[in-house]
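**Student:** Could you put together the complete structure from these sequences and hints?
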Amino acid sequence: MTGSAEPADATGPTTQWAQLVLAPDGTITAADDAFLHWSGREAAELVGVAPFSSLLSAGGRIYHETHFLPLLLMQGEVRDVAFDVVRADGTTLAVLVHATLRRGPAGEPERIDVSVLDATVRRSYERELQRARRDAEAAEQQLRRIAETFQRSLLERAELTTDVVAVETRYRPAVDELEVGGDWHDAFPVDDRTLGASVGDVVGKGIDAACAMGQVRSAMRALARTGSGPSAVLHEVDRFVRTVPSAFASTTVYAEVDLVTLELRYAAAGHPPPVLVHADGTAELLWGGRSTPIGATLPGLDRTEGRAPLQPGDRVLLYTDGLCERHDRTPDEGFDLVAEAAARVHGLPLGQAADQLMATRLTYDDVRDDTCLLLLEVRRPAAG
Amino acid sequence: MDVRDRNRVTEDGSSSAPALVFAHGFGCDQRMWRLVAPAFEDRYRVVTFDHVGFGRSDLSAFDPERHGSLQGYADDLLEVVDALDLHDAVFVGHSVAAMIGVRAAVTDPGAFRALALVCPSPRYIDAPGYTGGFTEAEIDGLLDQLDANYLGWSAAMAPVIMGNADRPELGDELTNSFCRTDPRIAEAFARVTFLSDSRADLPLVEQPSLVIQTTNDAIAPEAVGRYVADHLPQSTFTRLAATGHCPNLSAPAETTDALEAFLASLG
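Those protein sequence lines, which keep their order, are chains Z and E. Going by the numbering used here, the first residue of the first sequence is number 141, and it counts up by one from there. Going by the numbering used here, the first residue of the second sequence is number 472, and it counts up by one from there.
Source of the hints: derived by calculation from the structure; they are not laboratory data. In this text the structure is predicted, and so the values were computed from the model without any measurement. All C-beta atoms, glycine included, are put in the ideal place defined by N, C-alpha and C. Hints may be right or wrong, so weigh each one.
[To be verified] Pair by pair, the computed Cβ-Cβ distance ranges are:
no.: 1; chain 1: E; residue 1: 535; chain 2: Z; residue 2: 283; range: 19 to 27 Å
no.: 2; chain 1: E; residue 1: 482; chain 2: Z; residue 2: 242; range: 32 to 40 Å
no.: 3; chain 1: Z; residue 1: 283; chain 2: E; residue 2: 581; range: 46 to 54 Å
no.: 4; chain 1: Z; residue 1: 432; chain 2: E; residue 2: 655; range: 44 to 52 Å
no.: 5; chain 1: Z; residue 1: 227; chain 2: E; residue 2: 602; range: 19 to 27 Å
no.: 6; chain 1: E; residue 1: 475; chain 2: Z; residue 2: 227; range: 48 to 56 Å
no.: 7; chain 1: Z; residue 1: 177; chain 2: E; residue 2: 654; range: 30 to 38 Å
no.: 8; chain 1: E; residue 1: 615; chain 2: Z; residue 2: 476; range: 41 to 49 Å
no.: 9; chain 1: Z; residue 1: 280; chain 2: E; residue 2: 728; range: 49 to 57 Å
no.: 10; chain 1: Z; residue 1: 331; chain 2: E; residue 2: 654; range: 54 to 62 Å
no.: 11; chain 1: Z; residue 1: 492; chain 2: E; residue 2: 558; range: 41 to 49 Å
[Stated by the list, open to error] Derived coverage of chain Z by chain E (criterion: at least 3 residues anywhere in the stretch with Cβ under 8 Å from a Cβ of chain E; other residues may be distant):
no.: 12; segment: 195–206
no.: 13; segment: 262–272
**Tutor:** This is the structure in structure tokens:
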């Protein structure tokens, strides 16, 4: 800065403001030269003749009657209302209007003082903002669609049903979350006499988590087909995630049902315990086969597995913590609630039971976390 | 959800007296009636409320489908009547609420004893043989107008409102708050209001009705008010000296007198 005054811009407007005075019924009673110049009208066309609102666009006239005047009458003052003034030649001028209602001694409206600001530049700037906002909204919607499609493609519903076992799976995305989640479910034949089922949760959200989820889920399915059993599968998954850092510390439960003996074998890596609902409707949490989250193994600590005999009519529920997690109670209290809920819906057909469980609000009303569940039912006695 | 909370129902006057239900139009909220409604409190049970999405109604109750037509607002109104157990109430509706009342009266003819319609219009857009006063393009212009204003308001007001979420009463004091609405809801209501056509409802109204017409109403011109009165089977037409679309604010005494005369005529 040199300290010397800038010369006045000879080409710029002489003033940014124009002044009007209106009668209480809105008729213009005085207009300054600036307003006459801007509107392209003669004083005789306006003063004592035209209501201010008659100079506005049709939308502006409605707004004037439904917003501007009520506000002025209620508050005595209105500021920053955007209008388009229609000039004599039909073109429009974007303005911002401030108005003050002056009252007489008895409180009756006497006149309305109006200041009009040329808002051409500001309006075009606002239109840019509006366009940017609309573009952003459109982009957000597109991203949401991509995310949903992506997730759906990873979580094709696995209603894998054999003569012996029926499976229902459900997935619910997190409320108001743009990003995809990292929860998964899966059910597949391991071999001719074994059904595999997994539910898991990759730490974090977003495309990164979803990609990691897809990899772990596929890896687990491939590793399971070696027939080595739940604890060995988790052990191999531990090795696998060394190459997929985003999948580190995932939690999962992997279970296999022997379709001949009806034995359930399962292993949980830092994951909520499965629920076994017996044919008679009593439920228990399966606390066996527990170990640390995927990749977070300690030397000397092996992956373990639990076993439980199943009977026709028994159901097994695998789920992620989105079903029951709340900060104001312990995880164990949440698991108990899941077991109770699973027992409550035991009388319903399998699909309805899965729907009910998903709809049960064991967590906050606005479920932040995404949620997966897998419900399987033993339909027939073991062969032989 | 409690209907009284949903529509922010306010009751004054004697609960055993005959009821007057005041409904606000497009733009602001139930406070549009604050210079008129109190005049009836000594003899009536005076009920005012906010349409869902406006004033201090429960915004979460706004359902784009339900509130995508006047029928949804009429159903809300009938639920308010039901929740308050009103019988033989007289409905007073301003602007678009006039046609909400008409729709409610056609939906449930027993809900109201009579209808007072202040600055009504059954259709804002011109049609063959009918002059509503606006073209469809002009109504699109209104949506732009709403957009232009909400941008300025939301930028200035959002921080103030957000910062006081736990003290909602502060919101009442904010400049322009009386006509402040979620922009998406305002746009939806503008579409419902200005794109609606209630002409076919008018001959179906069985109750005595009053049409209050002002001078130089830029939104519901006199020809439109006359049309409403001509097509309501039992109507009275009253023309006020007051100008503009909101006589309930600009000329409360004259508006009150017109309502008083109508109520007296009902016996």
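**Student:** Next, verify each hint and record whether it holds.
**Tutor:** Now for the hints, and whether the structure bears them out:
Separated by about 22 Å at the C-beta atoms, residue 535 of chain E and residue 283 of chain Z satisfy the suggested range of 19 to 27 Å. Distance hint check: the CB atoms of residue 482 of chain E and residue 242 of chain Z are about 35 Å apart, consistent with the given range 32 to 40 Å. Range check, residue 283 of chain Z to residue 581 of chain E: Cβ separation about 51 Å, and the 46 to 54 Å hint holds. Checked against the hint of 44 to 52 Å, the pair residue 432 of chain Z and residue 655 of chain E passes, with Cβ atoms roughly 48 Å apart.
Checked against the hint of 19 to 27 Å, the pair residue 227 of chain Z and residue 602 of chain E passes, with Cβ atoms roughly 26 Å apart. In this structure the hint that residue 475 of chain E and residue 227 of chain Z lie 48 to 56 Å apart at CB holds, the actual value being about 49 Å. Our hint of 30 to 38 Å for residue 177 of chain Z and residue 654 of chain E holds, since their Cβ atoms are close to 34 Å apart. The hinted window of 41 to 49 Å between residue 615 of chain E and residue 476 of chain Z is violated, with their beta carbons roughly 57 Å apart.
For residue 280 of chain Z and residue 728 of chain E, the Cβ-Cβ distance of about 54 Å falls inside the hinted range of 49 to 57 Å, so the restraint holds. Between residue 331 of chain Z and residue 654 of chain E the Cβ separation comes to about 59 Å, which falls inside the hinted range of 54 to 62 Å. Remark: the range hint 41 to 49 Å for residue 492 of chain Z to residue 558 of chain E is upheld by a beta-carbon distance near 43 Å. Here the segment 195–206 of chain Z counts 10 residues with a CB under 8 Å from a CB of chain E, which clears the bar of 3, and the coverage holds.
Given a C-beta distance limit of less than 8 Å, the hint that chain E covers the segment 262–272 of chain Z holds, as 4 residues qualify and 3 suffice.
In terms of the numbered hints stated before, the structure departs from hint 8 and from no other.
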